[in-house]
Amino acid sequence: MNTTGQPTRPPIGLPPEQFAAAFPFHFAVDKNLTILQTGTTLRRICADAQLGAKLEQIFDVARPEGRLTFDWVMQNKANFFLLRHRASQLLLRGEFIWLAENETLLFLGSPWFTDASEIAAHGLGFEDFAIHDPVVDMLQVYQASKLALADAKKLADKLTAQRAELRKQTAEMRTLALIAARTDNAAVLTDTDGKIVWINEGFTRITGYTFPEVAGKKPGSFLQGPDTDPETVRRIGERLSKGEGFSEEILNYGKHGRRYWLAIEVQPIHDDAGRLTHFMAIEADITARREAEEALKKTNALQRAMIESAGYAIISTDPQGLIRLFNPAAERMLGYTAAEMIGRQSPAVFHVAEEAAARAQELTVELGREVKPGFESFVAKAEMGLPDQREWTYVRKDGGRFPVLLSVAALFDDGGAITGYLGVASDLTERKRDEEKIRATLSELERFNRVMMNREERVIELKREVNQLLAVSGRPPAYPSANEISANPTPTN
Amino acid sequence: MYGMVNKAVEDMVIMHHGETLWEQIKSKAGVDVEVFMSNEGYTDDITYSLVGAASEVLKLPPEQILLGFGEHWVLHTAQEGYGGLMRAAGRTLPEFLRNLPNFHSRVSMIFPKLQPPRFECRDITDRSLKLHYFSHRQGLAPFVIGLMHGLGKMFHTPVTVRQVEAKGPAADHDVFEVTWPTVPAI
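So the protein sequences, as listed, match chains A and B.
The first sequence: position 423 = 423 (the working numbering), numbered continuously.
The second sequence: position 40 = 40 (the working numbering), numbered continuously.
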């Protein structure tokens with residue numbers, strides 16, 4: 001070892017095969033740039049790089065820029081060289097070393113690639129490179145960074161798309177949140193245990209409770225009261241425990257004791273994996289509707305009782321005349337059952353056709369338009385909003401006839417369209433019989449009166465004859481009043 | 001675990017079953033990673049959870065899932081990222097297998113934070129070799145077998161893989177005997 005730190009005698013003297021294995025892409029040239037030696041791999045892939053070939057005929061210099069001559073190489077040997085093999089365009093990166101002792105210029109280098117695919121494209125493989133050669137490592141680094149860039153781009157694209165989607169969703173959410181907050185309905189969000197985590201303004205308006213008062217509580221624990229149906233409460237509990245949605249109507253109590261009816265629709269909310277996370281309830285105050293329904297129910301019951309128990313026939317039809325209502329009195333009167341008539345027959349079935357035809361003629365004259373015999377003759381006046389009450393003859397199922405007094409009214413909807421007709425008929429048989437009786441009695445009385453009057457006139461006449469006989473004998477009249485009546489013969493009843 | 005492994009799981013599920021099922025598997029596994037960065041390290045739990053969830057959703061045993069992932073890795077995922085390098089790493093199956101140890105050594109050099117497995121090729125003949133697989137991870141032997149099958153397909157070489165030693169109390173690593181018909185010299 002001398003002072004330069006280098007051994008005085010070279011400890012390494014590589015035989016050509018080992019040198020070629022260590023530097024498979026090397027070559028050596030003389031001062032004329034004639035090739036003296038090449039690495040095995042270089043010889044394989046650059047077929048023209050054979051011994052004796054001229055370097056400048058095979059390679060161009062890519063870096064540094066200049067003409068490939070011995071002197072130029074020697075001037076620039078402090079730089080790295082990038083040589084391009086003219087035939088294959090393979091780039092070799094390396095350095096020139098001047099071996100003065102042998103007067104040989106040695107090039108040590110290896111292929112320069114910017115993409116791993118170029119290795120195979122030049123007919124090379126990893127095994128063609130010396131193990132110490134960092135080119136393969138560099139390519140792996142290069143490939144890894146390309147991959148990282150591709151991943152980053154994929155991530156960036158995905159995030160950009162997600163951000164756009166998120167913006168869209170945020171806008172939708174804002175709208176939905178506004179709707180949820182401003183709706184008249186109450187909206188409640190609970191956790192999986194049914195405890196409140198959010199309410200909207202509608203909830204406060206309906207129940208009177210604010211969020212701090214109800215947060216973490218189960219709605220049923222403070223909204224239900226003595227008249228709340230326990231069966232409904234049980235059903236709700238069952239569906240919630242199964243994580244299922246449901247719709248119910250329930251009577252609840254507000255903060256200040258107000259009773260109100262709610263129509264509740266509850267939906268379970270699941271995350272992407274299908275796990276239950278919340279329950280959402282939308283609750284509409286249906287108190288007015290329930291009260292109206294109750295009132296209607298009572299009215300209907302009253303109406304039904306009136307129709308069922310009425311002593312007169314109540315028959316309604318649709319606008320075309322098909323019977324829709326046929327009350328028990330109508331059944332009794334006409335001998336048909338409601339089942340036989342409703343939806344099957346028109347009132348024409350128990351009317352006398354000739355009467356209807358005659359009435360149609362009358363109405364044609366009266367109304368100045370043609371009224372057809374049949375159902376129209378019963379309703380033509382009513383449909384004009386005119387009162388129509390008159391006597392008709394009804395025909396029982398068994399063929400028997402009887403008089404009725406029939407009032408017909410048209411039924412109108414809110415828009416003024418006719419929805420049907422209502423007929424109320426009372427049996428005139430009894431009344432007719434009574435009238436007949438009265439008429440007969442009056443007639444008898446008149447006859448009797450007449451008899452009595454005749455009898456009285458005869459008595460007066462006899463008395464007058466007696467008075468005349470007495471007058472002939474010069475005696476005063478026995479019945480002076482008879483003479484007075486005779487003088488003033490106005491009959492007294 | 002190398003992000004590319006998780007990416008292989010993702011690629012395979014999406015290729016065969018679609019994005020929706022992949023999202024379902026990810027959600028089931030509790031994994032909230034949008035894009036796996038190939039060269040980033042991820043906790044091993046992520047990979048195991050993904051395999052577990054995929055096994056559950058696809059109703060296949062985890063070993064079969066890992067086998068499929070190994071094959072998919074070679075034929076698709078690694079091809080996309082390292083196609084050029086893989087082609088350069090060997091013109092034949094045995095040549096590629098001989099380069100496998102260096103390939104993983106480079107990964108550990110380039111990404112010091114990753115803990116890639118270590119491979120050694122021993123008992124090399126012209127029709128077989130013993131691949132020694134050293135990993136601090138458990139249960140990935142089927143993945144390695146899948147990789148070998150994938151390589152067999154990549155080189156159009158029928159390959160037989162037999163696990164001759166399993167990591168356990170008696171052995172600190174797995175050993176696979178890989179055999180193939182004679183490959184003509186190139």
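Please note that a few of the clues may not be correct.
[Stated by the list, open to error] Once the Cα atoms are required to be at most 27 angstroms apart in a straight line, the calculated DSS-like pairs of lysine-lysine come out as: (1) A/146 - B/153; (2) A/153 - B/130; (3) B/153 - B/130; (4) A/218 - A/242; (5) A/153 - A/168; (6) A/195 - B/28; (7) A/217 - A/255; (8) A/217 - A/195; (9) A/242 - B/28; (10) A/31 - A/77; (11) A/158 - B/28; (12) A/242 - A/195; (13) A/372 - A/397; (14) B/113 - A/154; (15) A/154 - B/28; (16) B/28 - A/146; (17) B/59 - B/28; (18) A/217 - A/242; (19) A/195 - A/218; (20) A/154 - A/195; (21) A/242 - A/298.
[Said to hold, decoys possible] Now the stretches of chain B that chain A is said to cover, found in silico as 3 or more residues with beta-carbon under 8 angstroms: (22) 20 to 34; (23) 76 to 85.
None of these hints come from the bench; they were simulated from the model.
Glycine residues also receive a C-beta, built at the ideal position from the N, C-alpha and C atoms.
Does residue 218 of chain A pair with residue 242 of chain A here, judged by a C-alpha cut-off of 27 angstroms? This hinted pair holds, its Cα atoms lying about 16 angstroms apart.
Apply the coverage criterion to the region 76 to 85 of chain B and chain A: a residue qualifies when its Cβ sits closer than 8 angstroms to a Cβ of the chain, and three qualifying residues are needed. Holds, because 5 residues of the region 76 to 85 of chain B bring their Cβ atoms closer than 8 angstroms to Cβ atoms of chain A.
Check whether the Cα positions of residue 59 of chain B and residue 28 of chain B lie no farther apart than 27 angstroms. The hint holds at about 14 angstroms.
Within 27 angstroms, alpha carbon to alpha carbon, are residue 217 of chain A and residue 255 of chain A? holds, 14 angstroms
With a cut-off of 27 angstroms on the C-alpha distance, tell me whether residue 195 of chain A and residue 218 of chain A pass. The hint holds at about 5 angstroms.
For the pair we were handed, residue 217 of chain A and residue 242 of chain A, check the Cα-Cα distance against 27 angstroms. At roughly 20 angstroms apart (the allowed maximum being 27 angstroms), residue 242 of chain A and residue 217 of chain A satisfy the hint.
Does the alpha-carbon distance linking residue 195 of chain A and residue 28 of chain B stay inside the 27 angstroms limit? Answer holds: residue 195 of chain A to residue 28 of chain B is near 26 angstroms, not above 27 angstroms.
Below or equal to 27 angstroms on CA atoms is what counts here, so check residue 113 of chain B against residue 154 of chain A. holds, 23 angstroms
Residue 31 of chain A and residue 77 of chain A were given as a pair; does the straight-line alpha-carbon distance stay at or below 27 angstroms? Satisfied, since the Cα-Cα distance of roughly 14 angstroms is no more than 27 angstroms.
Straight-line Cα separation of residue 146 of chain A and residue 153 of chain B no greater than 27 angstroms? Roughly 26 angstroms separates the two Cα atoms, so the pair holds.
Within a Cα-Cα threshold of 27 angstroms, do residue 154 of chain A and residue 28 of chain B meet the stated pairing? holds, 23 angstroms
Sort out whether residue 397 of chain A lies within 27 angstroms of residue 372 of chain A, counting only the CA atoms. holds, 24 angstroms
Violated hints, listed in ascending order, are 2, 16, 20 and 21; each of the other numbered hints is respected by the structure.
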